[in-house]
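So the sequences go chain by chain: V, U and Y.
This note's numbering numbers the first residue of the first sequence as 1 and each following residue consecutively.
This note's numbering numbers the first residue of the second sequence as 1 and each following residue consecutively.
This note's numbering numbers the first residue of the third sequence as 1 and each following residue consecutively.
Honestly, the hints are just simulated from the structure, not real lab data.
Where a beta carbon is used, it is the ideal one built from N, C-alpha and C, also for glycine.
Incorrect hints may have been included.
Derived DEER-like restraints, expressed as beta-carbon distance ranges [to be verified]:
no., chain 1, residue 1, chain 2, residue 2, range
1, V, 14, U, 11, 34 to 42 Å
2, V, 27, Y, 82, 43 to 51 Å
3, U, 11, V, 31, 37 to 45 Å
4, Y, 27, U, 63, 50 to 58 Å
5, Y, 59, V, 59, 48 to 56 Å
When the alpha-carbon atoms are kept at most 30 Å apart in a straight line, the in silico DSSO-like pairs for lysine-lysine are as follows [claimed, not checked]:
no., chain 1, residue 1, chain 2, residue 2
6, V, 51, Y, 48
7, V, 108, U, 108
8, V, 108, U, 4
9, U, 108, Y, 108
10, Y, 51, V, 48
11, V, 51, V, 108
12, Y, 4, U, 108
13, V, 51, V, 10
14, V, 108, Y, 108
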Amino acid sequence: MSGKIDQRLKELGITLPDAPAPAANYIPYVISGNLVFISGQVPMVDGKIEKTGAIGDGTMTQDDAEGEARKCAINLLSQLKAATGGDLDRVTRVVKLGGFVACTADFKAQPQVINMASNMMVDVFGDIGRHARFAVGTNALPLGCLVEIEGIFEIA
Amino acid sequence: MSGKIDQRLKELGITLPDAPAPAANYIPYVISGNLVFISGQVPMVDGKIEKTGAIGDGTMTQDDAEGEARKCAINLLSQLKAATGGDLDRVTRVVKLGGFVACTADFKAQPQVINMASNMMVDVFGDIGRHARFAVGTNALPLGCLVEIEGIFEIA
Amino acid sequence: MSGKIDQRLKELGITLPDAPAPAANYIPYVISGNLVFISGQVPMVDGKIEKTGAIGDGTMTQDDAEGEARKCAINLLSQLKAATGGDLDRVTRVVKLGGFVACTADFKAQPQVINMASNMMVDVFGDIGRHARFAVGTNALPLGCLVEIEGIFEIA
Numbered sequence: 001m002s003g004k005i006d007q008r009l010k011e012l013g014i015t016l017p018d019a020p021a022p023a024a025n026y027i028p029y030v031i032s033g034n035l036v037f038i039s040g041q042v043p044m045v046d047g048k049i050e051k052t053g054a055i056g057d058g059t060m061t062q063d064d065a066e067g068e069a070r071k072c073a074i075n076l077l078s079q080l081k082a083a084t085g086g087d088l089d090r091v092t093r094v095v096k097l098g099g100f101v102a103c104t105a106d107f108k109a110q111p112q113v114i115n116m117a118s119n120m121m122v123d124v125f126g127d128i129g130r131h132a133r134f135a136v137g138t139n140a141l142p143l144g145c146l147v148e149i150e151g152i153f154e155i156a
Numbered sequence: 001m002s003g004k005i006d007q008r009l010k011e012l013g014i015t016l017p018d019a020p021a022p023a024a025n026y027i028p029y030v031i032s033g034n035l036v037f038i039s040g041q042v043p044m045v046d047g048k049i050e051k052t053g054a055i056g057d058g059t060m061t062q063d064d065a066e067g068e069a070r071k072c073a074i075n076l077l078s079q080l081k082a083a084t085g086g087d088l089d090r091v092t093r094v095v096k097l098g099g100f101v102a103c104t105a106d107f108k109a110q111p112q113v114i115n116m117a118s119n120m121m122v123d124v125f126g127d128i129g130r131h132a133r134f135a136v137g138t139n140a141l142p143l144g145c146l147v148e149i150e151g152i153f154e155i156a
Numbered sequence: 001m002s003g004k005i006d007q008r009l010k011e012l013g014i015t016l017p018d019a020p021a022p023a024a025n026y027i028p029y030v031i032s033g034n035l036v037f038i039s040g041q042v043p044m045v046d047g048k049i050e051k052t053g054a055i056g057d058g059t060m061t062q063d064d065a066e067g068e069a070r071k072c073a074i075n076l077l078s079q080l081k082a083a084t085g086g087d088l089d090r091v092t093r094v095v096k097l098g099g100f101v102a103c104t105a106d107f108k109a110q111p112q113v114i115n116m117a118s119n120m121m122v123d124v125f126g127d128i129g130r131h132a133r134f135a136v137g138t139n140a141l142p143l144g145c146l147v148e149i150e151g152i153f154e155i156a
């Protein structure tokens, strides 16, 4: 299968890994009607969280956080590819992302971090990649990771 | 256009500003089927966040937080008006609000803060304004604001 | 009424209380199309929060938190029973849980806490109980409780 979106991913140099398994007893996505609800994705790469901590505690830069958000976005796309039976051309809309950023109390740039995921959706899907979103801070995320992003997508 | 809900807003003395633009690269709302998903709204007024900090840190009162929640609700209604092409009478149900309150760890009254937004939905829409909701604390929100609220609405 | 799911609850020794009223001016659930959106449930039992604090602050164990997540799950099921007019056999899918765990910044096992709720959904509903999910930390929850969980369910 080599659809339009697969081509676009190749042009962007994005390789989707196998959809990562959840860290707990639930499943990566549920389809209800034409909506796909994707579980909160953490920046797992090859089964590992590469960076832990919180933005603002002196151990992480804004760039670090943005890189982790990008990994969450790639994992969302992997799950979405699985949910569409491998055919990302079935996606008709990126509906909503919900983004959590582990940070200290004085950190204010959560939107800039989650932008890395938002940008990827538009890079990959074009106009139908534009979505509603929340981006908030939190003091702690699973496995000590920096970013967690859930998503709702519409498919044909 | 002067629908029933526009009349109700006038009676309540609520003036909706132009729908505020998002602080980042995403869009204010997405319509999927008959659901409108509205991005997390912060208490922006004329492009500015008027109060920053966290409830419980000594700089903010409960009243301050409730006032900020009210601003979020007005911004949600502005976006909803844009989503309905200006006709709020098309709204058939306020489905869900998701409310985040920036606070210190000992703060326990997040529901009372988000109530200001919930109350406004019922004031404006009557019975169909009654909605499901979550209200939680967080250590930090975008731009240092006090409250962020996302929403799901059903339209005809 | 004694449906299949009611029987399963009996086998599991789970008694559903009357659906708890919300702590604020909103309602416990909204049905839109065939989706039920249930408000964030806290571990209220007989109108009381039995444990308050945060995991990691030395006052709470992992077991405490898991027990509180279980109470949230029971309250979700109570609301769902009300939403289905008493007939849980109408549930066709547990779509999504959204879990918040009150914790200190160094706590990393939010998924294990929310697992208690995820496990209960699968225990009660079997395969259709498997759901998408997010599990995140937060510094503070309403009434000082340890866990809050919202849910989306699909019904016939």
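Handout entry: Straight-line alpha-carbon gap residue 51 of chain V to residue 10 of chain V, limit 30 Å
Key = 26 Å, holds
Problem - Distance restraint between residue 108 of chain V and residue 108 of chain Y, which requires alpha-carbon spacing of 30 Å or less - result: The given pair, whose Cα atoms are some 22 Å apart, holds under the 30 Å limit.
Exercise for the section: Given the hint that residue 108 of chain U pairs with residue 108 of chain Y, test it: the Cα-Cα distance must not exceed 30 Å. Expected result: At roughly 22 Å apart (the allowed maximum being 30 Å), residue 108 of chain Y and residue 108 of chain U satisfy the hint.
Handout entry: 50 to 58 Å as the expected CB spacing between residue 63 of chain U and residue 27 of chain Y, which holds or is violated
Key = Violated, since residue 27 of chain Y and residue 63 of chain U (Cβ atoms, about 25 Å apart) do not stay within the stated range.
Handout entry: Cβ separation of residue 27 of chain V and residue 82 of chain Y, checked against the hinted range 43 to 51 Å
Key = 26 Å, violated
Handout entry: Pair hint residue 51 of chain V and residue 108 of chain V, alpha-carbon separation not exceeding 30 Å
Key = Distance of about 20 Å is within 30 Å: holds.
Handout entry: C-beta pair residue 14 of chain V, residue 11 of chain U: status relative to the range 34 to 42 Å that was hinted
Key = This hint is violated: roughly 52 Å between Cβ atoms.
Exercise for the section: Would you mind confirming whether the straight-line C-alpha gap from residue 51 of chain Y to residue 48 of chain V stays at or under 30 Å? Expected result: 34 Å, violated
Problem - residue 108 of chain V paired with residue 108 of chain U [C-alpha distance capped at 30 Å] - result: Between residue 108 of chain V and residue 108 of chain U the Cα gap is close to 22 Å, so the pair holds against 30 Å.
Practice task
Using the Cβ atoms, figure out if residue 59 of chain Y sits within 48 to 56 Å of residue 59 of chain V.
Solution key: Violated: the Cβ-Cβ distance is about 27 Å, outside 48 to 56 Å.
Practice task
Please work out if residue 108 of chain V and residue 4 of chain U have their alpha carbons no farther apart than 30 Å.
Solution key: Since the Cα atoms of residue 108 of chain V and residue 4 of chain U sit roughly 39 Å apart, the hinted pair is violated (cutoff 30 Å).
Exercise for the section: Starting from residue 4 of chain Y, check that the Cα of residue 108 of chain U is at most 30 Å away, please. Expected result: 39 Å, violated
Violated hints, in rising order: 1, 2, 4, 5, 6, 8, 10 and 12; the structure is consistent with all others.
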